[in-house]
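A.B. asks: From first to last, the protein sequence lines are chains A and B.
Each residue of the first sequence is one higher than the one before, starting from 1 at the first, in UniProt numbering.
Each residue of the second sequence is one higher than the one before, starting from 1 at the first, in UniProt numbering.
Some clues are possibly wrong.
Stated by the list, open to error - Incomplete in silico selection of chain B near chain A, CB under 8 Å:
(1) Phe10
(2) Ala29
(3) Glu41
(4) Gly85
(5) Gln87
(6) Tyr91
Unchecked claim - Facing chain A, a subset of chain B residues (Cβ under 10 Å, in silico):
(7) Phe26
(8) Val52
(9) Lys111
(10) His116
If you are wondering where the hints come from, they were derived from the structure by calculation, not from laboratory data.
Predicted model only: the values in this text are computed from it and were never measured.
We put the beta carbon where it would ideally sit given N, CA and C, even for glycine.
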Amino acid sequence: MPGTPATDAATSSTSAALPVLSELAVGDVVAERSYALSRDSLVRYAGASGDFNPIHYRDDVAASVGLPGVLAHGMLTMGLAVQPVVDWAGDPARVVDYQVKFTRPVPVDPATGAEVTVLAKVGALEPDAGIARIDLTVSFDGATVLGKAQARVLLSA
Amino acid sequence: MNPELQGRIFPPIAPYLVGREKVREFARAVFATNPINLDPEAARAAGHADIVAPPTFAVVVQERTLAQLLAEPDAGIDFSRVVHGDQRFSYSRPIVAGDELTATLRVASVKTLGPHAMVTAESTITDAAGEHVVTAISTLVVRGDDA
């Protein structure tokens, strides 16, 4: 079992009724959650993804290339940031397009870890395509770490 | 970086069989808790053949194509200087356990920005029937000497 469960800061989304496109408005907050990352999370992601770059688990290597510490994989941050959207939409298959820019690193302290927060809002609606664009604000230590983080989600009309 | 890389298309990677336990392992690693990522019965009840991979799972397959690019003898890419700039996945259908996928990388663009170089790599991932599943696009920034 994962050693670092997510804490759900918002109301539970999995048991709620599934979202309907016509009931959404741009700016609606659809999910909000925070994730406690630890070094264990990084080792787990390294194994699961096959990304064994040592800057994600060795302090000496991170320091030698001028980093502030061991960093979370950008793809781990990207991967977890969409999970509140998946739960809101009710099915991972509804996320048909997902993009981010990696704008700031997330150093993960060996003792205290790092807390990453995700706020998901409706960014745009495309009724003809049955798509809601959900814009993600993903933050660590009071600053955003992803730019243009957008998931396009297929919903019923 | 070698600007002549732009437009280069690499040979398809060996088939990648999407295992159910691999999907579960990846799902747990990205804090996915949706039953459709984990439980075959829940996935089937939602109309899927087996559990559905999280949206970023395609990176596992894409990575094999990026390894081809980084290993290209004339590419001139120093892996220790590579930073991930951006990432996108565009799906035609979700990846589910049991899929046999392959991927073909095309170098969409090579740009220089001062001492840095940026390469955009587009990996087209298809299933055993040759149908499109997902396109994974990465921009990699290769830091220059004075970075």
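A.B. asks: So which of those numbered hints doesn't the model satisfy?
C.D. replies: Hints 1, 3, 9 and 10 contradicted; others consistent.
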